[in-house]
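Required output: the full structure, derived from the provided sequences and hints.
Sequences listed follow chains U and V, in order.
The opening residue of the first sequence carries number 1 in the UniProt record's numbering; numbering runs sequentially from there.
The opening residue of the second sequence carries number 1 in the UniProt record's numbering; numbering runs sequentially from there.
Since the hints were derived computationally from the structure, they do not count as laboratory data.
Computed from a predicted model, the values in this text were never measured in an experiment.
The beta-carbon is built from N, C-alpha and C at its ideal position, and this holds for glycine as well.
Wrong hints could be hidden among the right ones.
As the list claims (entries may be wrong) - For lysine-lysine, the following DSS-like pairs were computed, each having C-alpha atoms within a straight-line distance of at most 25 Å:
#1 V/Lys172 - V/Lys281
#2 V/Lys172 - V/Lys264
#3 V/Lys80 - V/Lys331
#4 V/Lys249 - V/Lys434
#5 U/Lys145 - V/Lys331
#6 U/Lys145 - V/Lys122
As the list claims (entries may be wrong) - Which chain U residues stay away from chain V? Per the calculated CB distances, all over 12 Å, these:
#7 Ile48
#8 Arg89
#9 Ile141
#10 Gly151
#11 Tyr153
#12 Gly196
#13 Glu197
#14 Leu228
#15 Ser265
#16 Val284
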Amino acid sequence: MAVAPALPRAVDAPAPAPARRRAKHRWVFHAVMGPVAFLWVLPLLFVIVVALRSFDDIATNGLGSLPSSFTLEAFGTAWTGGSIGGALRNSLVVTAATVVLVLFLASLSAFALSRYKIPFGRAILLAMLAGNLLPPQILLIPVSKICEMLGIYDRLFALVAVQVGFGLGFFTFVLYGFMRSLPAEVFEAAKIDGAGELRTYAVMVLPLCRPALAALAALESTWVFNDLLWALTVLRTDTKFPITAALLNLQGGYTTSWNVVAAGSLIAAVPTTIVFFAFQRHFVSGLLVGASK
Amino acid sequence: MGPTPFTTPSLSRRNLLLGGAGAASALFLSGCIGGSPAPSTETSSAAGDINAPLTLQSDLSDELPKKAMESLVAGYSAHKLTMNTVATEQFRAQLSSYLTSQNPPDVITWLAGSVARDYAAKGLLLDVSDMWTGDGACAKFSPALKALSSGDDGKQIFVPTSYYWWSIFYRKSAFEEWGVKAPTTWDDFMAMNDTLKTKGISPLTCGTGSTAWMASGWFDYLDLRINGAQFHRELLAGKHSFDSAEVRKVMDTYATLIPYFDPKGRSYSWQEAATPLINKKAGMYLIGAFMTSAFPKGDLDDVDFFPVPTIDPSIPSAEEAPTDGYFASAKTKNPAGTKDLLAYLAAPAQQQAYIEGAGSSNLPTSPDVDTTKFSPLVQKGIKLLQDTKEITQFFNRDSSDALQTTADTALTRFLDHPDDVATILKTWQAAAQKIWNS
Chain U
1 MAVAPALPRA VDAPAPAPAR RRAKHRWVFH AVMGPVAFLW VLPLLFVIVV
51 ALRSFDDIAT NGLGSLPSSF TLEAFGTAWT GGSIGGALRN SLVVTAATVV
101 LVLFLASLSA FALSRYKIPF GRAILLAMLA GNLLPPQILL IPVSKICEML
151 GIYDRLFALV AVQVGFGLGF FTFVLYGFMR SLPAEVFEAA KIDGAGELRT
201 YAVMVLPLCR PALAALAALE STWVFNDLLW ALTVLRTDTK FPITAALLNL
251 QGGYTTSWNV VAAGSLIAAV PTTIVFFAFQ RHFVSGLLVG ASK
Chain V
1 MGPTPFTTPS LSRRNLLLGG AGAASALFLS GCIGGSPAPS TETSSAAGDI
51 NAPLTLQSDL SDELPKKAME SLVAGYSAHK LTMNTVATEQ FRAQLSSYLT
101 SQNPPDVITW LAGSVARDYA AKGLLLDVSD MWTGDGACAK FSPALKALSS
151 GDDGKQIFVP TSYYWWSIFY RKSAFEEWGV KAPTTWDDFM AMNDTLKTKG
201 ISPLTCGTGS TAWMASGWFD YLDLRINGAQ FHRELLAGKH SFDSAEVRKV
251 MDTYATLIPY FDPKGRSYSW QEAATPLINK KAGMYLIGAF MTSAFPKGDL
301 DDVDFFPVPT IDPSIPSAEE APTDGYFASA KTKNPAGTKD LLAYLAAPAQ
351 QQAYIEGAGS SNLPTSPDVD TTKFSPLVQK GIKLLQDTKE ITQFFNRDSS
401 DALQTTADTA LTRFLDHPDD VATILKTWQA AAQKIWNS
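Here is the structure:
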């Protein structure tokens, strides 16, 4: 996790194997991984098929049967009746606000902790890490009550605040490790050139941390976007629900229109899919933050 | 619980950081935007504010019922009213936090019976007794509904607006195809089960997989038919033992039905279990009238039902009719407005509009609703409940959700191992005793 990112490293290319052996390996690989990949995609296919069926078809032939109808109606119902559109907007607002805030705050605290001698710095860091080990379930009631006491219960702001609060510890910890690995010489050079703390942070540290920040932004946006627990804990008004809670609402008290639920889930998956493809590179590097630039 | 004393000036950054997790940052952030001060302990509880806006928290998230509720809300103009719809399971889980929050929703959709009574005993529900007397909105409702809507102290805390019936549902065209008729006696019923089985049809479909409570439907009805409604109520109230000769008799009859159940039913939810009935692979389904919502719209005219046949003629007839409606939070800021809204929702015109709009097979609680336009199925349901001597609700509504869990455990085990009935009943009684004692 802490290899100097500035130093280019030779990529360990695998020793060239004889062509025939490689071809055989590839064949075995595909024979094994093909079915596994299919199994992996199967649930997704199932959801797509269900979303394209009509309610009457599902009711008559069962959820697991082969489709005998084709309709896009469920998408319309989910969008309008299930107010998926408004919920998507809520989710995007919460996600964007959380990601920006949490990265800004975490980079500030990581910068301070990694570059300056702060009394009890290590204790602060460990407390942040320890906070992440607590299962969030045990904090549901306190968080809900605290939000009420502060008068922010049932506001999107509360959700952002809670998400930022819970993300801060982990992101500070990761960024701390990354910033520690930045070579001290760069900072000395900056100092000699007369850069103050804020200037060092804004002009030097942030650009150098870009790979880490991008990876964390990608991770955090999927986490926040897919979160259901906190949304249900601090929100009560259905027009403020993010997409995950709105999807639950598609499930009726008596009957569940599986096609509408499936269609809603597919719509809900679009933004995370976009984030994934846009940040694909960073998801992988997110696992190796600091290992290579 | 007032707001936490806020000592920002003396709060050093170190202490703030040491404060650690979410609580501190939430405090800090709210300080930044100067969040509105938390409402301190109610100062205006008795008189209230007649102009305060109202909130209606609804668990009617099914498509058509939700639309019907939205048009009812749109038609209400006396106060500013917003409705929140939350899916039932989340709603159930959050109900107590709604009621205990400082700024609770004013009117809440829920079930009559023990749940409402429990909340009333904790002082969380608004006393609506005046709506049940004089020319109040509920004054003309039946005495049975009034008893159902009363708390332990005799005050009314619930406004029932609709109910539905349980029966054995079937497809008319399927019965014609198989050459059978709706039975009127228990022996006919069992003989018909045999006939259907020899034709390769599962006589009874059931969905006791993810909806294990469905197993209580048959238990309730067999107990009502064998031991009567009085015994059934007392049993659920803890005055009799599940490990008794009477209950044993119920279970023995239940065991004779098990061979006729669709074997796949043990893994179905109630909704999935409707599929064999729809495509005529199963004959009958003991379930509430809400099952019509799982049917394709075009086939609804083909649905009919007959009541669970009498087993012991000396026992007065009884049917299950779970009742839904509204209660209001005791902490509402606008009690007069809340009651006005409740009266609006309980009025005959709104009951009728809801039932028609929701496309449900619910029955109105107000005797003034014009029922002539309702479907023949619903009319038949109304007649069934008018003719029956006793009305119960359903296992959980007559007892508690906690006792329902013990029933789910016991009955699903029983369906798998009917021979173990002795141990199952003993375990059930022990589990139930713990709940009655607590």
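Tested hints:
| no. | hint | in the structure |
| --- | --- | --- |
| 1 | V/Lys172 - V/Lys281 | 14 Å, holds |
| 2 | V/Lys172 - V/Lys264 | 23 Å, holds |
| 3 | V/Lys80 - V/Lys331 | 18 Å, holds |
| 4 | V/Lys249 - V/Lys434 | 24 Å, holds |
| 5 | U/Lys145 - V/Lys331 | 17 Å, holds |
| 6 | U/Lys145 - V/Lys122 | 19 Å, holds |
| 7 | Ile48 | 20 Å, holds |
| 8 | Arg89 | 17 Å, holds |
| 9 | Ile141 | 8 Å, violated |
| 10 | Gly151 | 4 Å, violated |
| 11 | Tyr153 | 7 Å, violated |
| 12 | Gly196 | 19 Å, holds |
| 13 | Glu197 | 15 Å, holds |
| 14 | Leu228 | 10 Å, violated |
| 15 | Ser265 | 14 Å, holds |
| 16 | Val284 | 30 Å, holds |
In this structure, the earlier hints numbered 9, 10, 11, 14 are contradicted, and the remaining ones agree with it.
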